[in-house]
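Q: From first to last, the protein sequence lines are chains A and B. Positions 43 to 416 (our numbering) are the ones given, in order, by the first sequence. Positions 43 to 416 (our numbering) are the ones given, in order, by the second sequence.
Keep in mind that a hint or two might mislead.
Capping the alpha-carbon separation at 30 Å, the derived lysine-lysine pairs in DSSO-like fashion look like this [stated by the list, open to error]:
1) Lys204(B) - Lys241(B)
2) Lys385(B) - Lys86(A)
3) Lys86(B) - Lys385(A)
4) Lys282(A) - Lys52(A)
5) Lys52(A) - Lys385(A)
6) Lys176(B) - Lys203(B)
7) Lys97(A) - Lys365(B)
8) Lys52(B) - Lys97(B)
9) Lys97(A) - Lys119(A)
10) Lys166(B) - Lys332(A)
11) Lys166(B) - Lys365(A)
12) Lys365(A) - Lys365(B)
Examples of chain A residues toward chain B, derived with CB under 7 Å [as the list claims (entries may be wrong)]:
13) Gln82
14) Thr84
15) Thr87
16) His354
17) Leu369
None of these hints come from the bench; they were simulated from the model. Virtual Cβ for every residue (Gly too), placed ideally from N, Cα, C.
The residues making up each chain are set out below.
Number of protein chains: 2
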Amino acid sequence: MHAVYFELIKEDPRSGARLGKLHTPHGTFDTPMFMPVGTQATVKTLTPEELYDMKSQVILSNTYHLFLRPGTELIRKAGGIHRFMNYERGMLTDSGGFQVFSLGAIRKITEDGVTFRSHIDGSKQFLSPEVAMKAQEDIGADIIMAFDECIPYPADFDYAKKSTERTTRWAKRCLAAKTRDDQGLFGIVQGGMYPELRKYSAEALSELDFAGMAIGGLSVGEPHELMYDILGKTTQYLPKNKARYLMGVGTPDCLVEGVNLGVDMFDCVYPTRVARNGTAMVRSGRLVLKNLEFREDFRPIEEGCDCYTCRHFSRAYIRHLFKSEELLAMRLLSIHNLRFLLKFAEDMRSAIANDTFPEFRAAFLDQYQRTSRR
Amino acid sequence: MHAVYFELIKEDPRSGARLGKLHTPHGTFDTPMFMPVGTQATVKTLTPEELYDMKSQVILSNTYHLFLRPGTELIRKAGGIHRFMNYERGMLTDSGGFQVFSLGAIRKITEDGVTFRSHIDGSKQFLSPEVAMKAQEDIGADIIMAFDECIPYPADFDYAKKSTERTTRWAKRCLAAKTRDDQGLFGIVQGGMYPELRKYSAEALSELDFAGMAIGGLSVGEPHELMYDILGKTTQYLPKNKARYLMGVGTPDCLVEGVNLGVDMFDCVYPTRVARNGTAMVRSGRLVLKNLEFREDFRPIEEGCDCYTCRHFSRAYIRHLFKSEELLAMRLLSIHNLRFLLKFAEDMRSAIANDTFPEFRAAFLDQYQRTSRR
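So here's chain A without its partners, still in its complex pose:
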């Protein structure tokens, strides 16, 4: 038994949706789940207590950022990331691959690994399967990720094939380099937008002893319809008894479609990033709270929302804070947007449990799309 493992509770008979539990050394959490992102060992603007209050389960931090600053050795000395940032529930780190490959011109890929320059000070750095595993073991999250290449969109077939095969070799090196028994390592399916490469990647990684399976290389610029198509042609080849994590996706329409296609876990900076720009996520779409229409609007962001912000503050007050460039504005909206997605995941779980997920999905998408077209 892995330190981290997935328990499949129920499969929806009328869709791909699944209900499950993810067991970790820091607790057992319900899926489908959305994971708030705490890039630099902090979910921007928020304390751990605020995350507990909104019923956050697993949160994510980024190995690339922590590797460069403050350094993973420092986090090891602090007693690991849970102690360092004082978060007592589940944590996941990515491998650094995604950020390194995003650096474009300032990185170089070989079979051994990736040489790149730090975005902070320009210093020369190196990440490989072995270095990424050591870094993630020093950080000490519950769930760690294999070092992969996220294939850009668009990419030609030959490049995608070679990259996907290398990601498979790197996945084996990650498993070989892993030394800690109290962390669960997830493999990452790649394959670009090519169904046959997705099938190859999913099947190759499924044969290996991973604690869970991630789906990478989606939501990288392709149309949503193509993303859903490729996603469905990936999950169909994944084992049922392992958690499936769609990386970097965090709008409610993508969540409901991902769950419909059999995904259990999601993460994205979207809710906190747009929060800091003054955008509130609501069932019908989005509210830009700086707009004049909210100047004397003393209602909460969303009637019935149980978040701290909606229980205590009005749209008019939050607008005032944004117009006055007060940092509390970013906090209040980050709380609302994260709670919105966490609650949305709760609602999806209830729908699956109650055998109403297809109706939930249809009703949500109908309302959401109608508003977005306005």
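Mind docking chain B on chain A? Use the hints.
A: Just chain B now, kept in the frame of chain A:
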């Protein structure tokens, strides 16, 4: 009986220190007290719950800022500032005078009031005793302040005399313009650095029906020794049965000296402003947490501090947040610095109650000054 009134509990027989209670419509609070500043209807970066948690009592907001944005009429429509910002304890607003006079070249003073240009959009604005009272009644704090002129330092005697006499006339106009019974109006003693003008101002305002007495025009650039000298030559003429509020002072050495000279209330942006720059207030002075020496320092900011930050996070983590430009850093340090001053006021109250205030003062100043000289 005023809606706001002071209850003198004890006078220290060996110093000017006083123990008291300030009664307001939103609760009774202990003096000597430090009041956190929430300039734009928010104590920067913090929620009301965080203020309650650190045992904050009365907080201050600025009429000048609220007058310009979002407008005091909006706050009235919101149900008053307590409801607007969701703070349920005592609140105080200044009159806007201090900020308006700080505008220098872009304001013009007449007997009627002050014409100035908004720092936000350059629009022409007017404040007078009557306008400031209306604005503060719309805002609805428990304690409101008379509209005065804060005399710059240095100022010649003739200017100071004319200004102080006008402040007295404006004080009477404020009392005449006041309509709400559920707010307490404080007068503000001016007089520059001239003891005879301070005596005149203190006595003239003491004859009027104010709920409390503020001391303005100090800590405006003069040496500390001169401030203490003038402060002592002001408080000696103030009535014992009214609270004394030294405006704009917020370092622990000034607090302990102010209490020693008979002051009951203080406010200052200092603790939150330096917090946002990475400076922690401690008994021995200050810590600049960005410094390299704290990189692997896993101790709290101050051993024994009971604030949320010190109970949960290390200097190394807070340093990481500052180096990474994470907003949580500003929150954590704002919490620590405000709790530091609130606890410092608690400790002064205990010392007065236990008849040990002179020893408390001497021990604190000895330690504080020794460190500052390093």
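Q: So which of those numbered hints doesn't the model satisfy?
A: Violated hints: none; all satisfied.
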